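Protein chains: 2
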Amino acid sequence: MHRTPITLDDVAARAGVSPKTVSRVLNNEPNVRNTTRDAVLAAALELGYRPNRAARTLAGSRSFLIGHLHGRADRDYILSVNEGIHTACFQHGYVLLPEPLLDYNEGFVRRLQQFLQTAPVDGVVLTPPLTDHDPLLAFLAARNIPIVSISPEKVRKSIASVYIDEKEAAIAMTQHLISLGHKKIGFISGPKDHGASHLRTEGFYEQILKSGLKREACPQAQGDFKLKSGAIAANEMLETHPDITAIFAANDAMAAGAMTSAFKRGLSVPEDISIAGFDASPLGEALWPALTTIKQPVNRMAMAASLWLISGALARTEQPLRERFDFELLVRASTAPSREN
Amino acid sequence: MHRTPITLDDVAARAGVSPKTVSRVLNNEPNVRNTTRDAVLAAALELGYRPNRAARTLAGSRSFLIGHLHGRADRDYILSVNEGIHTACFQHGYVLLPEPLLDYNEGFVRRLQQFLQTAPVDGVVLTPPLTDHDPLLAFLAARNIPIVSISPEKVRKSIASVYIDEKEAAIAMTQHLISLGHKKIGFISGPKDHGASHLRTEGFYEQILKSGLKREACPQAQGDFKLKSGAIAANEMLETHPDITAIFAANDAMAAGAMTSAFKRGLSVPEDISIAGFDASPLGEALWPALTTIKQPVNRMAMAASLWLISGALARTEQPLRERFDFELLVRASTAPSREN
DNA sequence: CTGAAAGCGCTTACAG
DNA sequence: CTGAAAGCGCTTACAG
Numbered sequence: 523m524h525r526t527p528i529t530l531d532d533v534a535a536r537a538g539v540s541p542k543t544v545s546r547v548l549n550n551e552p553n554v555r556n557t558t559r560d561a562v563l564a565a566a567l568e569l570g571y572r573p574n575r576a577a578r579t580l581a582g583s584r585s586f587l588i589g590h591l592h593g594r595a596d597r598d599y600i601l602s603v604n605e606g607i608h609t610a611c612f613q614h615g616y617v618l619l620p621e622p623l624l625d626y627n628e629g630f631v632r633r634l635q636q637f638l639q640t641a642p643v644d645g646v647v648l649t650p651p652l653t654d655h656d657p658l659l660a661f662l663a664a665r666n667i668p669i670v671s672i673s674p675e676k677v678r679k680s681i682a683s684v685y686i687d688e689k690e691a692a693i694a695m696t697q698h699l700i701s702l703g704h705k706k707i708g709f710i711s712g713p714k715d716h717g718a719s720h721l722r723t724e725g726f727y728e729q730i731l732k733s734g735l736k737r738e739a740c741p742q743a744q745g746d747f748k749l750k751s752g753a754i755a756a757n758e759m760l761e762t763h764p765d766i767t768a769i770f771a772a773n774d775a776m777a778a779g780a781m782t783s784a785f786k787r788g789l790s791v792p793e794d795i796s797i798a799g800f801d802a803s804p805l806g807e808a809l810w811p812a813l814t815t816i817k818q819p820v821n822r823m824a825m826a827a828s829l830w831l832i833s834g835a836l837a838r839t840e841q842p843l844r845e846r847f848d849f850e851l852l853v854r855a856s857t858a859p860s861r862e863n
Numbered sequence: 523m524h525r526t527p528i529t530l531d532d533v534a535a536r537a538g539v540s541p542k543t544v545s546r547v548l549n550n551e552p553n554v555r556n557t558t559r560d561a562v563l564a565a566a567l568e569l570g571y572r573p574n575r576a577a578r579t580l581a582g583s584r585s586f587l588i589g590h591l592h593g594r595a596d597r598d599y600i601l602s603v604n605e606g607i608h609t610a611c612f613q614h615g616y617v618l619l620p621e622p623l624l625d626y627n628e629g630f631v632r633r634l635q636q637f638l639q640t641a642p643v644d645g646v647v648l649t650p651p652l653t654d655h656d657p658l659l660a661f662l663a664a665r666n667i668p669i670v671s672i673s674p675e676k677v678r679k680s681i682a683s684v685y686i687d688e689k690e691a692a693i694a695m696t697q698h699l700i701s702l703g704h705k706k707i708g709f710i711s712g713p714k715d716h717g718a719s720h721l722r723t724e725g726f727y728e729q730i731l732k733s734g735l736k737r738e739a740c741p742q743a744q745g746d747f748k749l750k751s752g753a754i755a756a757n758e759m760l761e762t763h764p765d766i767t768a769i770f771a772a773n774d775a776m777a778a779g780a781m782t783s784a785f786k787r788g789l790s791v792p793e794d795i796s797i798a799g800f801d802a803s804p805l806g807e808a809l810w811p812a813l814t815t816i817k818q819p820v821n822r823m824a825m826a827a828s829l830w831l832i833s834g835a836l837a838r839t840e841q842p843l844r845e846r847f848d849f850e851l852l853v854r855a856s857t858a859p860s861r862e863n
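In order, the protein sequences belong to chains A and B.
In terms of my numbering, the first sequence opens at residue 523 and continues consecutively.
In terms of my numbering, the second sequence opens at residue 523 and continues consecutively.
It should be emphasised that the hints constitute simulated quantities derived from the structure, not laboratory data.
It should be emphasised that the depicted structure is a prediction, and the values quoted were computed from it without experimental measurement.
In this text, a Cβ means the ideal position worked out from N, Cα and C, and glycines have one as well.
Be aware that a few hints might be false.
Unchecked claim - Each pair of labels, with its calculated beta carbon distance range:
(1) A:529 with B:837: 24 to 32 Å
(2) B:540 with A:636: 24 to 32 Å
(3) A:861 with B:728: 45 to 53 Å
Use the sequences and the hints to build the structure in full.
Right, here's the structure in full:
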């Protein structure tokens, strides 16, 4: 497995210093003369030295492991987050450990305990819905495990997080539709208990009213983020409000369902009706026409979250770290000027 | 992080034996008296002992790490494989490391080298398309890294693999459609260079001929496994062969595309036309009507693959391990008796 | 069948 | 600013 097992001692010998000094340089500790530091770095580079993670873990207090605890979420989303964390870890000699925590009740404690025992992570990234699982947060806090949440539903004073402004994003999409001349727009909302879904709904109606459109002309239907619920919601909506010229769904899957219903009713997209989603899922990209949607920089958000963990920034600050990321309005083929124009 | 850092020495003291004996028991080594073994096991259990992975790795020759090298494949598939490997690892104190290898050319060597240096895995699970990436296989073989491939396109004499009989699965689906009275069935095949796609096509036409149906009545169109290609293929097919009553696509995404085209043409599914897919993707389940498809036991296949790695079965045998898994025909709402019946 | 000694490759105190 | 010693918790030879 190891071709040339170069150790820290080899580097020390090569650089003409003690092992301890090499260790200092590698860990960016202070109190090393610059010339010494350079000599060590040069020696390490020449030898192609790579620190042994197991040895560092055993001797020290870090494991160089970052966990991603996730529940039952969109699988593409989970994988995207994994990729972002992985990128950050890879660059810093850390390793990503994805850990599904599907039992939200009793089982999660035993499972988490076993996970932490075989893999004592230096920190965890949390994604919804685990970002808002109070017993889990308490469990981690009790063990002093650093946490960064991605897009938590509720803001918690003590937990670092990265997020986008969901409401502003919904407003941007609504404005996009309005600027295309749409005046009667249906909205398909997500699950009631989903915080982001709430904010999206809020943003939609806020912009509708702000633009002087009539609220009654813009029906709302409730979905559950799944494709089928979007199809059903759109179908009912087109039945009761046949004059709507656009539908905005709170996620891509429901938008895809809405598209299906439009097709079934003989409507063309976007000629007869514009359809917009939210989340920039691969599904929305694969659709035909491709879905206009909102894109979160999931990768960059996940990278930022894990970098806080890796750099120890989290441990250093008193006030909880928090960073807002910009969303992106992806205008694709599923939205076009209103047929009423 | 550690609440009660119970060590092997603690267990030894409690059981009244030497640390070496505890080590023997934990590693299932021979030459331990049964009473001794039981005493050690009891002591370990009472103390809630968990071996320290870092220490075992540093002292021994195992890392307790299993890698999943994957390329650009269906993301749901990747995640399902991860889950299967994770389950097996979790039960045996191993850890899963997913490693995306997206650069199939020069870059993969450097990347893989860095990966193996920070994470010297005890073995890797390969999924398509990496299962058939010769330079990668050579690289791994040169370093004596145990490999298990899941559904490789080509069977390689020296590499262990798990798979399903793709051709038989296609035959089963074809027979399902024929038994519903369909006599004119279109087939949408996958990418030319995809081995499994070939086998599915082969199975389809073999069963068509075997059942006495006319080959000319069963058009074939080429897709690329993406939704849009299925939509285009189906659209052309319905143009040139308006009398077909069923479409069988070589994967779910293309079947979803075909469904879209059917809707756009005012056809009902399954009343006017039956549509079948392959792979049991979440997309196919979400569709409305839900897609009849072929399900591979991806989870079990991934578990089996990683267990070979974990148990060391791979190192012990001379002849390459190989196991065929049974597929499942999932009859859902998208297929029904032919309208010609 | 069992154990005492040495060592894996680092970091932690501690000393200077 | 730098280093010598001890130790992290296991497994590897080796001995008996």
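Now the hints, each set against the structure:
Distance hint for residue 529 of chain A and residue 837 of chain B: a CB-CB separation of about 27 Å, consistent with the stated range 24 to 32 Å. The hint said 24 to 32 Å for the Cβ distance between residue 540 of chain B and residue 636 of chain A, and at roughly 28 Å that hint holds. At about 49 Å, the CB distance of residue 861 of chain A to residue 728 of chain B agrees with the hint of 45 to 53 Å.
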